[in-house]
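Starting from the known structure of chain A, arrange chains B and C on it as the hints suggest.
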Amino acid sequence: MTWNRKHLLDIESLSAAEIMMVLDTARAFKAVGARAIKKVPALRGKTVVNLFVEPSTRTRISFELAAQRLTADVINFSAEASSLKKGETLKDTARNLEALNADIIIIRHSASGAPHFLARFLNASVINAGDGAHEHPTQALLDTFTILEKKGKIAGLHVTILGDILYSRVARSNIWALTKLGAKVTLCGPSTLVPKIFEQMGCRVTHNVDEAIADADIINLLRIQHERQRKSMFPSLGEYTSLFGLNKARLEKTKPDALIMHPGPINRGVEIDSEIADCSRSVILEQVTNGLAVRMAVLFLVNGGKGPQEIAA
Amino acid sequence: MTWNRKHLLDIESLSAAEIMMVLDTARAFKAVGARAIKKVPALRGKTVVNLFVEPSTRTRISFELAAQRLTADVINFSAEASSLKKGETLKDTARNLEALNADIIIIRHSASGAPHFLARFLNASVINAGDGAHEHPTQALLDTFTILEKKGKIAGLHVTILGDILYSRVARSNIWALTKLGAKVTLCGPSTLVPKIFEQMGCRVTHNVDEAIADADIINLLRIQHERQRKSMFPSLGEYTSLFGLNKARLEKTKPDALIMHPGPINRGVEIDSEIADCSRSVILEQVTNGLAVRMAVLFLVNGGKGPQEIAA
Amino acid sequence: MTWNRKHLLDIESLSAAEIMMVLDTARAFKAVGARAIKKVPALRGKTVVNLFVEPSTRTRISFELAAQRLTADVINFSAEASSLKKGETLKDTARNLEALNADIIIIRHSASGAPHFLARFLNASVINAGDGAHEHPTQALLDTFTILEKKGKIAGLHVTILGDILYSRVARSNIWALTKLGAKVTLCGPSTLVPKIFEQMGCRVTHNVDEAIADADIINLLRIQHERQRKSMFPSLGEYTSLFGLNKARLEKTKPDALIMHPGPINRGVEIDSEIADCSRSVILEQVTNGLAVRMAVLFLVNGGKGPQEIAA
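Chains as they are written, first to last, in the numbering used here: chain A, 1312 to 1624; chain B, 1312 to 1624; chain C, 1312 to 1624.
Calculated from the structure, these hints are not laboratory results. One or more of the hints may lead you astray.
Identical copies carry no separate label here, and so any pair may be met within one copy or between two of them.
[Claimed, not checked] Dumping the calculated DSS-like pairs for lysine-lysine here, alpha-carbon to alpha-carbon at most 27 Å:
#1 K1559 to K1397
#2 K1341 to K1402
#3 K1402 to K1559
#4 K1350 to K1461
#5 K1350 to K1617
#6 K1402 to K1461
#7 K1507 to K1462
#8 K1564 to K1507
This one's a predicted model, so the numbers in the text were calculated from it and none came from an experiment.
One chain only, chain A, in its complex shape (with noise of 0.2 Å):
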């Protein structure tokens, strides 16, 4: 099989083949990234642009460096004092970064289906980098990598996604990925947060957190963005963290091999309780070392890179 998609929107269309295929080379990045030179000609003279609508340090500095890792050339355009200020539509916003040869465009935006209205229109190819409550795919594929990496399969496994899932990219597509590679997910969380509608995506759905981690072989923690949820969806953080944070007496109930996950920034305190976050068990650092690796395997694959046994060992 070989890579013949020009634009990674989301994991919904994804085939567990493609979804396999992207985590093979994302692993021979990874060997990459342990050189003491850790850049490869793949992308050279290739332009990247970074088009984050919406802020986001951490998501955009590990496409850049993924980008800068395959020697291309790399474009950041954020939205604050950019001609989307002065009324220019995504569309024309869009086309102009082609129009200046753009190869790849890396959107982020808080309306869900705007990489796939670009894709309608655009040559160059476009990543997903996370679109309003839609999808954030490269995350989900980390998650999956590290799960891999870790547990040596996806399938069979219990997976549990504990937290904010009604508002969350992170979660819809984590569950596209896992449920497609064989793994079953628990989703768990205030009543507010996690509707039981979820179910049809094929996931069980418990409010009930000692049940939800009891027999977890992963246990991805979201992050609770108090900014903006607090008020309408729990009453304090307080009773979230009392009632759903992951603390050292839950944690002594679950499997001794479960992995403690999170997409990160974390709140120390909040979601997780601080020593947790740090334990043994936590992957949490090695998801953003494997976030880079996934991202130069993306940026490969969809500018015409036909799978890991292209990349030099």
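Structure of chains B and C alone, referenced to chain A:
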């Protein structure tokens, strides 16, 4: 003839032969942009600084990409949060950048003459990326390049510039370039924005749009900066659109091969109907592509490049 | 002797021999800056992060250019709109950057000791680009480099630092460097900004400017940060200028070959008369040029460079 200017400060002081040399060099660089690896090593080890005291995302990115494709190192210096905010003079800021071994300083500034001021004391090359209402030479060069490419000549063509002429550096630079190359220029817009005094620059001035566009080979629409001018210069945006906006009815009265140009970002539904912006006679996006080639040419020439014959085929 | 420090956290812990090794290495890199192609491949494939939690355009650009000239990949991370704003701890931010395989993290922070804190848990190299009122080691190194280049020696020279000493990391780092290398240091300024306790660092403290500069070989003027200190620390800017500003009358009472230094950005007409800033005895812009060479040296050494002998001639 060989190029021997260290700076590009304006169009006014260029000869027709110099303008043509930039365009010829840009043509060679446009071919580079179509290659799989869009880079040449012409400015390797050189430092280019984007000193944007007035914010501009699109022009800054165009220069940044142009410099990257010449393999230069690029630094972006914006006025916000910089030493300029701490009360440093523009002269001191520029001399500090030069002390960092900057080879080329690209300046955008709200004060007319700021680039000329820098050129008086800097050893580095200075490129004007727009100074107040004075000049925006690379915009005029890319507009001229686009016309030449599409029409095969400049001399004898009739170019109508429509909109806010009074405050427009784009208009002034275009007038200089077009008249030097032998085109006939008509200016049109509300009388508050298109005063008769522009006739002294060798243009025809009219406030009747139908008359202005009737026999034009090129219609160059300027952006109505409604954030700034609406209140004092014309009664309302709606009135501007109805009196001067390019719509379907007006387009039908123009020559069938008249080109539609716009420096962007466009206000769809204000100075231009949305469907006209996207029609086959619109070359708005090609202007953007050509801007990159023109800026590569300018960077190359002020850095000591002799002309198009030096660019490897 | 070979360099064997992984971090550059302060001047206080360096030996005189280590300081001299940085200066010797910087001299070799200054020669590189005079070449047509101002680059060396020493840090190719390495990732340098500018983690500027406190904003600074000029120091950030100097480090960015230094890293580019060593062919490193550089990422700028500023506190605004970043995960730090979302409540992430500095430790987590730094560990995330390290997880992205950052090799060198350059940190500026308003808290004294922030770089030392990072160095305790990071495997990446840490360079202090200014921490609170504590130290700004690369500024002291570039100041020392400039003195050595101009005077041919440091030992035995008399250096007067004039201005706001109390809040100045530049002053503290300079005092350490100069006294270690055998210079005699005098501090002068208003008694609120130059307390007697600095005598414990081996300096002479005086509040009489004429006495302070009379036999100085070097007069290093610090910026009056009038945004911050004016109100509480001295009656008015005008009074400061009249009592401590370096003007023509005062300059005439100094040694004819005394050098005028300033870390910038300068306040013309406040701590320094405009014409003195531009006179032949002022080396303010050479300090900027030397800063680039010193920062290349520091990046090179903390990354495992052994010393100046390694830099290709």
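- Message: Reference check for the pair K1402 and K1461, CA-CA at most 27 Å: within, between, both, or neither?
- Response: Only across copies: K1402 and K1461 sit 25 Å apart there, 41 Å inside one copy, limit 27 Å.
- Query: Given identical chains, is K1350 near K1461, meaning Cα to Cα at most 27 Å, within a copy, between copies, both, or neither?
  - Reply: within (25 Å within a copy, 41 Å between copies)
- Message: As a check of your reading, is K1402 near K1559 (CA-CA no more than 27 Å) within one copy, between copies, both or neither?
- Response: Answer is between; shortest inter-copy Cα gap is 22 Å, intra-copy 49 Å.
- Item | Up to 27 Å CA-CA - K1507 versus K1564, copy category | Intra 25 Å, inter 61 Å, cutoff 27 Å: intra-copy only.
- Item | Within, between, both or neither: K1559, K1397 at alpha-carbon 27 Å | between (51 Å within a copy, 24 Å between copies)
- Message: Please sort K1341 with K1402 into within, between, both or neither, judging by C-alpha distance up to 27 Å.
- Response: between (35 Å within a copy, 24 Å between copies)
- Same-copy or cross-copy closeness of K1350 to K1617 [CA-CA at most 27 Å]: both (19 Å within a copy, 23 Å between copies)
- Message: If the cut is 27 Å between Cα atoms, do K1507 and K1462 qualify within a copy, between copies, both or neither?
- Response: neither (29 Å within a copy, 63 Å between copies)
When the structure is compared with the earlier hints, a violation turns up for hint 7 alone.
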